[in-house]
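Trainee: Here is what each chain is made of, one letter per residue.
There are 2 protein chains.
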Amino acid sequence: MSSTGGSAGGSTGGSTDTRIHIPAREGRATHIPAGGRFRITDLRGRQCCDLFAFNAHDVTEYASAEHTRVYNGNLFPRVGQPFVTQGRRPILLFLEDNTPGKHDMLVAACNPSRYALLGVQGWHASCEENLLACLRGMGHVVEVPQPINLFTNIPLGPQGELDWQPALTAPGDSVVFRAEMDVIVCASSCPQDIVAINDRNVTDLELETL
Amino acid sequence: MSSTGGSAGGSTGGSTDTRIHIPAREGRATHIPAGGRFRITDLRGRQCCDLFAFNAHDVTEYASAEHTRVYNGNLFPRVGQPFVTQGRRPILLFLEDNTPGKHDMLVAACNPSRYALLGVQGWHASCEENLLACLRGMGHVVEVPQPINLFTNIPLGPQGELDWQPALTAPGDSVVFRAEMDVIVCASSCPQDIVAINDRNVTDLELETL
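In the order they appear, the protein sequences are chains G and H.
Positions 108 to 317 (our numbering) are the ones given, in order, by the first sequence.
Positions 108 to 317 (our numbering) are the ones given, in order, by the second sequence.
Note that these hints are calculated values from the structure, not bench results.
It is possible that some hints are incorrect.
Stated by the list, open to error - Chain H residues, not near chain G, derived (Cβ > 12 Å throughout):
#: 1; residue: GLY143
#: 2; residue: GLU173
#: 3; residue: GLY229
#: 4; residue: ARG243
#: 5; residue: ASP270
#: 6; residue: GLU287
#: 7; residue: THR316
Said to hold, decoys possible - Below, in silico cross-link-like pairs of lysine to aspartate or glutamate (DMTMM-like), each with a Cα-Cα straight-line distance of 20 Å or less:
#: 8; chain 1: G; residue 1: LYS209; chain 2: H; residue 2: GLU268
#: 9; chain 1: G; residue 1: LYS209; chain 2: G; residue 2: ASP289
#: 10; chain 1: H; residue 1: LYS209; chain 2: G; residue 2: ASP311
This structure is a prediction, so every number in the text was calculated from the model and none was measured.
Virtual Cβ for every residue (Gly too), placed ideally from N, Cα, C.
Please put together the full structure from these sequences, using the hints given.
Mentor: Following this line, the structure appears as structure tokens:
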């Protein structure tokens with residue numbers, strides 16, 4: 108196994124550890140073979156994780172939120188259900204959820220335009236730039252899929268209104284997935300500190316292969 | 108103005124009409140200049156329309172469901188709200204809704220894998236193939252964005268369950284948009300006849316520039 112890390116501020120290079128530390132505001136990517144399992148842990152609590160998964164042999168195929176919603180018939184997979192690609196092939200299976208159970212699969216990764224619209228002056232780290240930096244470190248230029256927003260608490264109002272609430276996770280809460288094909292997964296510690304989803308305190312995550 | 112049409116079964120070539128007829132199960136695309144308005148009409152009722160919009164000068168930029176949800180803070184734009192691209196730039200403005208008000212922006216375009224999983228043997232027309240054929244007819248190879256599913260009635264259950272209900276539109280119901288940049292729009296008469304969204308009777312649409 109090898110991993111590459113990156114924030115838009117710089118890449119931290121490869122790693123062969125099975126426990127990959129993801130510093131606050133950065134991303135890390137790694138290969139997981141078909142059948143391999145991995146855990147993502149919110150080390151300090153209330154930290155959202157943008158998760159992306161690509162077919163390792165063809166990165167134009169990736170976990171697709173809109174195809175996954177149709178495949179499972181619900182807004183977010185439940186334990187035992189898969190995430191599927193644009194060709195509706197399972198790419199990840201949701202094995203364990205050791206959290207209060209609140210995740211999101213409706214909103215885009217934060218990117219430079221998100222922070223500009225929120226009034227940020229100058230550069231701000233973003234999950235989109237973290238993804239692109241990680242994949243570039245592996246030699247890939249990719250589309251930016253809609254992420255699987257782990258630990259992310261965006262409740263829906265009665266008329267479909269979205270709200271941005273702090274994550275409900277406690278320190279050590281985690282989720283476990285199984286790769287259903289050879290995948291590249293990328294996890295980003297969401298740098299969002301303007302709206303409340305990370306309780307305005309961006310912290311570290313861990314990606315562990317099992 | 109010129110338009111190109113296509114189902115995966117074949118393209119019907121260009122047109123300079125301001126009223127573009129979209130036969131059942133087929134798609135049509137046309138250029139709309141910034142500031143131009145267009146209407147999409149469900150001619151016979153209960154027919155879903157997959158709508159896509161691309162920046163005419165850079166088709167890698169397109170109407171993005173996941174960015175639009177964040178921009179507007181709701182699951183589907185209301186009259187007066189925009190659809191935005193991945194860079195969160197308005198691309199279409201929702202001007203008029205002359206329907207019961209039920210549209211969808213959660214589910215992927217139907218594609219060959221959708222029909223295979225529904226048990227269809229052999230080829231079946233799909234919105235994804237209609238889009239690709241229309242854009243190919245204009246010289247473009249594009250990503251398949253998540254569509255704006257006009258007239259599409261997919262209610263959400265209390266736990267986020269999706270249901271596939273017949274469209275609520277009556278003959279002649281329509282929506283009007285304004286292009287916020289020079290766009291290529293593509294509208295597909297959704298060929299779905301296995302689940303109930305088109306009342307299992309796929310019919311024609313009209314795309315009219317105003």
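Trainee: Hint by hint, say whether it matches the structure.
Mentor: Comparing the hints with the structure gives:
no.: 1; hint: GLY143; in the structure: holds (24 Å)
no.: 2; hint: GLU173; in the structure: violated (4 Å)
no.: 3; hint: GLY229; in the structure: holds (17 Å)
no.: 4; hint: ARG243; in the structure: holds (17 Å)
no.: 5; hint: ASP270; in the structure: violated (8 Å)
no.: 6; hint: GLU287; in the structure: holds (15 Å)
no.: 7; hint: THR316; in the structure: holds (28 Å)
no.: 8; hint: LYS209(G) / GLU268(H); in the structure: holds (15 Å)
no.: 9; hint: LYS209(G) / ASP289(G); in the structure: violated (27 Å)
no.: 10; hint: LYS209(H) / ASP311(G); in the structure: violated (41 Å)
Of the numbered hints given earlier, the model fails hints 2, 5, 9, 10; all others are met.
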